[in-house]
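> Residues per chain, in single letters:
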Amino acid sequence: MEKIRVTGPKTQLENVIDSIYDLGLMDFDEYQGELDTGSPMEKSEELSELLVDIRSLISKLDPEGEEEASIHEVRNVAGEISGEIKELENRREKIKNNIEGLEQKKKFYRKLRGVDINLDDISSTNSLKFKVLDFEASKFEEEVGTDQYEIFHGRNLSVLTYRKTVEDKIEEALRNTGAEEHEYSDSISGRPIEAISNIEEKIREKEQELEEVKSDYNDISEQWGPKLNYVEEYMSERVEKAEAPLNFAMTEKSFIAEGWIPSEEENTLRNRLISASENKIHIEIEEAGEKDSPPVKYSNNRAVGPFESLTDLMARPQYDEIDPSFMLLLTFPLFFGMMIGDAGYGITSGLVFLTGITFFPQASKLFKALLWTSAATIAFGIIYGEFFGFHVLHTPFYRGDLFTEIFYLSILIGVAHVNLGLLIGAYNEYVHHGLLEAVFAKGSWILLQVGALTGYLVSSSYGTIPGLATGLGIGIPTLVMLYKGEGVEGIVEIPSLISNILSYLRLFGVCIAAYTLAGTVNQMASPMLASGSLMGLAGGTLIMIIGHTLLTFIKIMEGFLQGIRLHYVEQFGWFYSGGGRKYNPFGGEK
Amino acid sequence: MALELGAALGAAIAIAVSALATAWAQAKIGTAGIGALAEDDSLFGNVLILVAIPETIVIFGLVVALVIAGFI
Chain A
5 MEKIRVTGPK
15 TQLENVIDSI
25 YDLGLMDFDE
35 YQGELDTGSP
45 MEKSEELSEL
55 LVDIRSLISK
65 LDPEGEEEAS
75 IHEVRNVAGE
85 ISGEIKELEN
95 RREKIKNNIE
105 GLEQKKKFYR
115 KLRGVDINLD
125 DISSTNSLKF
135 KVLDFEASKF
145 EEEVGTDQYE
155 IFHGRNLSVL
165 TYRKTVEDKI
175 EEALRNTGAE
185 EHEYSDSISG
195 RPIEAISNIE
205 EKIREKEQEL
215 EEVKSDYNDI
225 SEQWGPKLNY
235 VEEYMSERVE
245 KAEAPLNFAM
255 TEKSFIAEGW
265 IPSEEENTLR
275 NRLISASENK
285 IHIEIEEAGE
295 KDSPPVKYSN
305 NRAVGPFESL
315 TDLMARPQYD
325 EIDPSFMLLL
335 TFPLFFGMMI
345 GDAGYGITSG
355 LVFLTGITFF
365 PQASKLFKAL
375 LWTSAATIAF
385 GIIYGEFFGF
395 HVLHTPFYRG
405 DLFTEIFYLS
415 ILIGVAHVNL
425 GLLIGAYNEY
435 VHHGLLEAVF
445 AKGSWILLQV
455 GALTGYLVSS
465 SYGTIPGLAT
475 GLGIGIPTLV
485 MLYKGEGVEG
495 IVEIPSLISN
505 ILSYLRLFGV
515 CIAAYTLAGT
525 VNQMASPMLA
535 SGSLMGLAGG
545 TLIMIIGHTL
555 LTFIKIMEGF
565 LQGIRLHYVE
575 QFGWFYSGGG
585 RKYNPFGGEK
Chain B
4 MALELGAALG
14 AAIAIAVSAL
24 ATAWAQAKIG
34 TAGIGALAED
44 DSLFGNVLIL
54 VAIPETIVIF
64 GLVVALVIAG
74 FI
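Line by line, the protein sequences are chains A and B. Going by the working numbering, the letters in the first sequence line up with residues 5 to 594, in that order. Going by the working numbering, the letters in the second sequence line up with residues 4 to 75, in that order.
No wet-lab data here; the hints were simulated from the structure. Ideal Cβ positions, reconstructed from N, Cα and C, are used throughout, including at glycine. Misleading hints may appear alongside valid ones.
Said to hold, decoys possible - Only pairs whose alpha carbons sit at most 35 Å apart, straight line, appear in this in silico DSBU-like list of lysine-lysine:
1) B/Lys31 / A/Lys372
2) A/Lys372 / A/Lys14
3) A/Lys245 / A/Lys210
4) A/Lys284 / B/Lys31
5) B/Lys31 / A/Lys586
6) A/Lys206 / A/Lys231
What the hints assert, rightly or not - Pair ranges (Cβ atoms, derived):
7) B/Val20 / A/Ala420: 48 to 58 Å
8) A/Asp324 / B/Ile16: 14 to 24 Å
9) B/Leu23 / A/Val492: 50 to 60 Å
10) A/Met528 / B/Ala39: 14 to 24 Å
11) A/Lys206 / B/Leu23: 22 to 32 Å
12) A/Ala307 / B/Ile16: 18 to 28 Å
13) A/Pro365 / B/Ile16: 44 to 54 Å
14) A/Phe557 / B/Ile37: 34 to 44 Å
15) B/Ala11 / A/Lys586: 31 to 41 Å
16) B/Asp43 / A/Asp324: 17 to 27 Å
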């Protein structure tokens, strides 16, 4: 990255902003200095307001496609469309509430199913009344001291009719037996069975109305949607440009824009700006200084590229830090493959990742990185000779026979991986603080391991005391170096070196688990498959399909999480700090 | 016989207790992590690391179990 400063008269401001936007290469730095910062260009506020309105319309209409239109045209109708939409929304809300109320009523009448009287007949008399109740009839009958009533039992509710003259007695009996009057009790009429079909008819009518509202909605969306989309895109650009001067320094007659540009693009921008402004501006370009914090743009080849997404998942590297994406390409698929190691699962997981690339284009980079893990899984499957848990190829590396070896191999891989991290850390220290610091802060960790190993080797050949002496001989000076390099934290962290290396035993653990799980599914299916009957064959095949599909996802998850954490936690901890700012050029998203 | 039984039980306890300890720690960290992600989803990588840290406990459990069971 190089620092670029563009100075020019205000008359050239728009020209410069347009050119920078079109190229999409320069990442603006917010100006922080003694001069005033710029204010948005004319009409920016008005544009922003209209843009908000248009986006709100788009979010409601969800239109597809684009059609050319002028801002003027859309501005004139925006209010009208918004009014129409509001009205449609109100109508829809009202109809929905209506339908909900009708459904409630229908539910109520359903509870009365079996009550075969016309309630209108009762309410039209002067002497009779009725109540809809949820009660225990037998208790009530014991309690009430009159026979001037009749109970009609429905499915869940009952109707109690009675003479008005005994209303007091009835009510007292109801109170004493804890009967509940239904809330719709006062508002019902007619025969319950007829009422249900009436309500259903009404619901159908309302649903028809709802359809009409929906089609009105679609009409508006089809008529205006594509135009709104077009204008939204155009105006987003206008607003972004209009607000660009907020990052600039301004004087009465001139402006200064500062930012960053990838070194190889320097000339493209310079030439474009000079020709656009007819050589009326001044451009300065300089290397990033020590105090600067330039944005970070990855620069990797096509193979490493997808692994940038895994680095970003943790944190973008700082500007002057080694980008660990390459490390991820090197060892992440290897760990994944070693743990899962089955050609069958390599194929199924590959299919899952290919589907991911198609259906989640925004995460396609991540899935492309994961495709490498599928390839590694197939490769290890061939080495182990496994296909969906079956031992199909007779290779000398069948893992079912090699648990002990894999156990020790895991620790060895841990030692190598952690030390690789330490070496990169040493390089980072060397770049930032010089050789001495690199040796003290990172080299001492490696020496510590060398001391322990030599001590162990010497003690096993020459006895404990010479071994201890050698170990301490190397160890104690190393501890002093470590203390100088990393302070007390370094000494306190020593156990974490051991725990980090032992943590690689998860390679062994997941490896055995993957091997056993696939075998278990096959064991469950094999008696059925061996039975020879059609049912047995079908059942066995079903178990295999469900089991191995489920295991595919479990293994993807395990392989990914365990594999990636060995990098993030166990390795990156020794060298990586991250926290860089993402390179986000002005106009880069168009 | 009694020795073998004792070793098997010891191995079982080593892996079971360390697995429970890991689960307990991950539950606590995971809950807090999800809370943090709800605020700012760019923290995903950091949360993943924090959740992954206690997993080492169960790996130690596994090693101890394997030693007791005579695997190593």
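> Taken at face value, is the distance from the CA of lysine 372 of chain A to the CA of lysine 31 of chain B at most 35 Å?
holds, 33 Å
> With respect to the beta-carbon atoms only, verify the hint that alanine 11 of chain B and lysine 586 of chain A lie 31 to 41 Å apart.
violated, 54 Å
> For lysine 372 of chain A and lysine 14 of chain A, compute the direct alpha-carbon distance and say whether it is at most 35 Å.
violated, 47 Å
> Are lysine 206 of chain A and lysine 231 of chain A close enough, with their CA atoms no more than 35 Å apart?
With Cα atoms ~38 Å apart, lysine 206 of chain A and lysine 231 of chain A exceed 35 Å; violated.
> Would the hint linking lysine 245 of chain A and lysine 210 of chain A be met if the CA-CA limit is 35 Å?
violated, 49 Å
> Range hint 34 to 44 Å: satisfied by the CB atoms of phenylalanine 557 of chain A and isoleucine 37 of chain B?
Given a distance of about 21 Å, which is not inside 34 to 44 Å, the answer is violated.
> Given the hint of 50 to 60 Å, is the C-beta distance from leucine 23 of chain B to valine 492 of chain A inside that range or not?
Violated - the Cβ-Cβ distance for leucine 23 of chain B and valine 492 of chain A, about 33 Å, lies outside 50 to 60 Å.
> So the hint says 17 to 27 Å: do the beta-carbon atoms of aspartate 43 of chain B and aspartate 324 of chain A match that?
The hinted range 17 to 27 Å holds for aspartate 43 of chain B and aspartate 324 of chain A, with Cβ atoms some 26 Å apart.
> Kindly confirm whether 44 to 54 Å is satisfied by the beta carbon distance between proline 365 of chain A and isoleucine 16 of chain B.
Check passed, 50 Å falls within 44 to 54 Å.
> Take a look at whether the Cβ-Cβ distance between methionine 528 of chain A and alanine 39 of chain B falls inside 14 to 24 Å.
violated, 41 Å
> Mind checking the hinted window 48 to 58 Å against the Cβ distance between valine 20 of chain B and alanine 420 of chain A?
violated, 31 Å
> Do lysine 206 of chain A and leucine 23 of chain B keep their Cβ atoms within the hinted range of 22 to 32 Å?
For lysine 206 of chain A and leucine 23 of chain B the Cβ distance comes to about 59 Å; the hint is violated.
Consistency with the previously given hints fails for numbers 2, 3, 4, 6, 7, 8, 9, 10, 11, 12, 14 and 15, ordered from lowest to highest.
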